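Asks: One-letter residues, chain by chain:
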Amino acid sequence: MTAVAEPTSFVHELVLSRCPDETIAAVTSVLLDGRAAGNPTMLWLSPETEDAVLRTVGLSESVTLLPSDLAGRRPSTDLTSFRRMLQGAAGAARQVRVVNEMPPTLYQDWYQWRRYEAAVNRMLADLNVMGVCIYDERRLDPAMVEDLEATHPVVGQGARYEANTRYQDPSHFCRVHFDAPLDPVEHTEPAVQLLDPSPAACRAAVRGFAGRHAGLVDEDLEALVFAANEAVTNARVHGRRPVRMRLWTRRTRVVVTVTDAGQGPEDCLVGLLPSPTVGGLWLSEQLVEIAHRRHQEGYTVRLTTAVGGYGAPGSQRTPKEDR
Amino acid sequence: VDAEVAVSARLDGHVVLLYASERERIANLTAWVGRGLERGEKVLLTWAPGEPRNRALELCAEGGLDVDAAQRSGQVQVLPASEFYPQNGQPEVVDRALAEGFSGVRLSAPATAALDVMSSGEYLALEEAMDVRCRNGRVSVMCQYARPATAGDWLRDTLSSHGGGMWSTGFSAARAERGVCLWGEVDLLNGDVLAAVVHAAMGPAFGTVTEEGGHEVLLDLSGLDFIDVAGCRVLVRETADFRRDGGRLRLIGARAAVARTLGLMELDAVPGVQVVRP
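Taken in sequence, the protein lines are chains A and B. Going by our numbering, 55 is the number at position 55 of the first sequence; the sequence numbering is gapless. Residues are numbered in our numbering as their position in the second sequence, beginning at 1, plus a constant of 1000.
All the given hints hold, so there is nothing to weed out.
Beta-carbon label-pair distances, calculated as ranges:
id : chain 1 : residue 1 : chain 2 : residue 2 : range
1  : B       : Gln1274   : A       : Arg212    : 31 to 39 Å
2  : A       : Glu219    : B       : Gln1274   : 22 to 30 Å
3  : A       : Glu186    : B       : Glu1122   : 54 to 62 Å
4  : B       : Pro1148   : A       : Glu137    : 55 to 63 Å
5  : B       : Arg1244   : A       : Gly58     : 45 to 53 Å
Rough simulated footprint, nothing fancy, chain A against chain B, three-plus residues with beta-carbon under 8 Å:
id : segment
6  : 1184-1198
7  : 1255-1261
Hints are computed from structural coordinates only; laboratory data are not their basis. If you're wondering where the values come from, they're calculated on a predicted model, not measured in any experiment. No residue lacks a Cβ here, since even glycine has one placed at the ideal position from N, Cα and C.
One chain only, chain B, in its complex shape (with noise of 0.2 Å):
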């Protein structure tokens, strides 16, 4: 994978950023509105409840962006959570932004905000209309996820609502053309994460037809540095119904060492996983 290719799945889209404390909301935050600068996108944020309203911008200060001047010259703009999220819906904002004649847009928002104006069913459903809506290419969400708060039920219907990048502490996930790709290292702590990615690729706008007319879903796992034994595990678990239902697993692109696990765990000998080796 390479690093631009990296870089976009991880910033543009709609992606999820899951963090477990501010120094990692400010690292990811700035990068992803200072790409929107550079790109000449609009930039819209809002803040969640307890927060002072200009919380994003601080962080993005704290992370060494000058957004100061882009917020004179309106290109960065944040808004309260009922504008944010209008009663007509979000697109009514992002064709408003566009028709400034901004390039693209991109939204921000702590999930907490959202759930402030609306129930977390209406949220699901506006997450998966922003997510049909991220894939023409000019509009960019990152919805922030505290963690470990987001977990369980809630954290698998976010990342299935999520068709872009997922960003966690030392693991992150995006979507690839035939599949999914992973990077950093699994472990106890993000086991769940690696299971609702799992799951979400496991969905039908994930992977290929194959000729034969199967199901095959691939996981790009050249830049995951690590995983531990549980989380082989998931990879069988997360997969089991869809292999069941005729699906193929693809693991492909492992370096040395998760090849290793990989082969421990005897992964190649699961029916309907295959193990690609380069």
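This is chain A alone, in the form it adopts within the complex (with noise of 0.2 Å):
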């Protein structure tokens, strides 16, 4: 491993734990580290991961610890968070330094999650923060190994860089991972099917179909509303006709496709980034999870919404329960 000098724009270094042993040793040596060189450290880790930190190297000025409710964590509003916290950061002479233990429930949006990854490469690119990831190997197969070599420029362990000869760059990897595939319910009849719909029709349409799961609660009903309001709004302005929406619920969530015979955003890191002309997508990946495809027939835009909130059985798919 060689050491490379220190930056003074965004490092974004990946870090594989095979055991919480090594989770807390990459974690405690970033942090002694940084106190060493009088950096601040931001901590986001699980409780059990905090307090053993806690216990080897003890608290001090420098460095702060965020929420620890790693359960309610999703890759858009991450992301978000985030960008706010280093906002604050940003342009201090010292490197900012974040250990970020991912939470499992990010593995489950991995087609979007991914994503962010490579994204985040280009949202942080100006600032002088260091970005630890560090994810549980025993919880990923090898292509989800890879996805992380190509959205890590750095791979090491803490305070160590390597440069990755794997890395990709970021818009190329979400050209190459920009379409998802089906959802299961996609293969079955929806429960209602508008063609070229006002936005006024599809509110009606998600408040009518939606509104009636018992499970659903208000708050992510009018999420789903406001989503699929962009949505179609977004095929009627930028896409082509015809456009059709699509409606299915299940137990654990309720999934909605806008499709229309264009050809698709030309920017694959569409609302993976603040944009201030397709700012609808941007803000809908805060409500609701979002996956795209391109197909023979134009483009589909996907919208789940679990019931339940993120992290519930619904964010999972659960082929057993859409025969």
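Grab the two chains, each in its own frame, and use the hints to assemble them into the complex.
Replies: As structure tokens, this is what we get:
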């Protein structure tokens, strides 16, 4: 392992951990290194890891503990909070270190999460931040490890950098991984299908059909209404007619797809980064699960709301339930 | 916003009806004429070029209103455009009706009727004059504009010259004590109407002067069920000049779903915008 000079821009580092001890060792190493250099460090850890690390090295002024409620974390909101948190630190002369123990819920929406791991290299490019992502290797298959290596320019352990030759340009990575596989429900008859709906008709359909789902709370229903409205609006403004909206309800989730005859967004990072023009998709990402797919008939955006919120069973694909 | 205020904002004073279908026109015209009959006011109507003379009455009858009796008693009267918009100005028509002993007068016409007998510039001047007249509480005017034909600058000018309410498909607005109340849903198809409403609300006639001497306009969102991303951008864009000149926009009363959208759009962080939580 060769140590490279400490950079002043964003360093995105991957640590694959095989057991709790390795996780604790990685966190401790970054923390002590930061302490020695007088750099502030933020820790975003599971309660168990947080506990163990504090017992080992203790808390000091330069360390900030972030809420350890990892269960509620999801790709898009995660990135948003991360950006907000670091905005205050941006421009600081000293490098800010953030250690991020990835919660298992993020592994569920791998399609979107790996794209976020790529996009974050763009989003935080100008910040003097070192972000260390710790993944539990036992929960990753080889393809997931490949994705992580393609999205982290640095792999290593704690403060020791090793340039990663498998790293890919974020736009390239997101282009290659733009198309999501079909959700099993998409093979079934939808509860409702609208042709060229007005935004108002789309909202009424979502409220009417998804609203009958006993388990869906108002807040999640309105989140889906918001996202579906933006999807139909985007299709009408940027896509090509005909526009088709479909909706399926299942015990654990509600799925809406909006298909138009166009080619889909040109920018494969769309929705992953805040943008003044296509902000609707970026905001929808904060509220529901989003997947894109280009196909023979055009382009489909899929919106999924898990009944019971993110991390509930519905946000995992459950083929059995779809039969 | 209580129900009576909402009804009055929609049906009294100088209001604009933006209708996209005859069905909408029927519903609104019926409610508007019905309110006049109830309040013992004289109702004066005219027709658009190409429409049958009694079109407005037919629409009211379709809407379930008994206009025959009112027409026989003289409470409802249909005038040709030349008499509805006389050479000496509409005050003449209003004064004549009040002299007959009615408690008030209401006049409604399709905008195209006026444009048949005068230029659009003259019409806007007349609208502005009627707007002043409508503030005394005895005169109400409902101008009927077809959508989507009414758009762009014409929509802006129209809403700027109507101090009262605006009624359109799924979305309406009315002047309030310190700003404007909004009802319904804002999306792709009526974002331009919101833009025109907000643009008009930035005029000197709206809002209040704060203790610090600044100009403040309040948007009451308590009746708003939905606003999309573009709608939020409209709120920022249409108030940009006003805020740059030191004005402050206060958004009040937003309910949960709308409040969340405003939050996601970070409207609170826009200079000169204040989102007031209930």
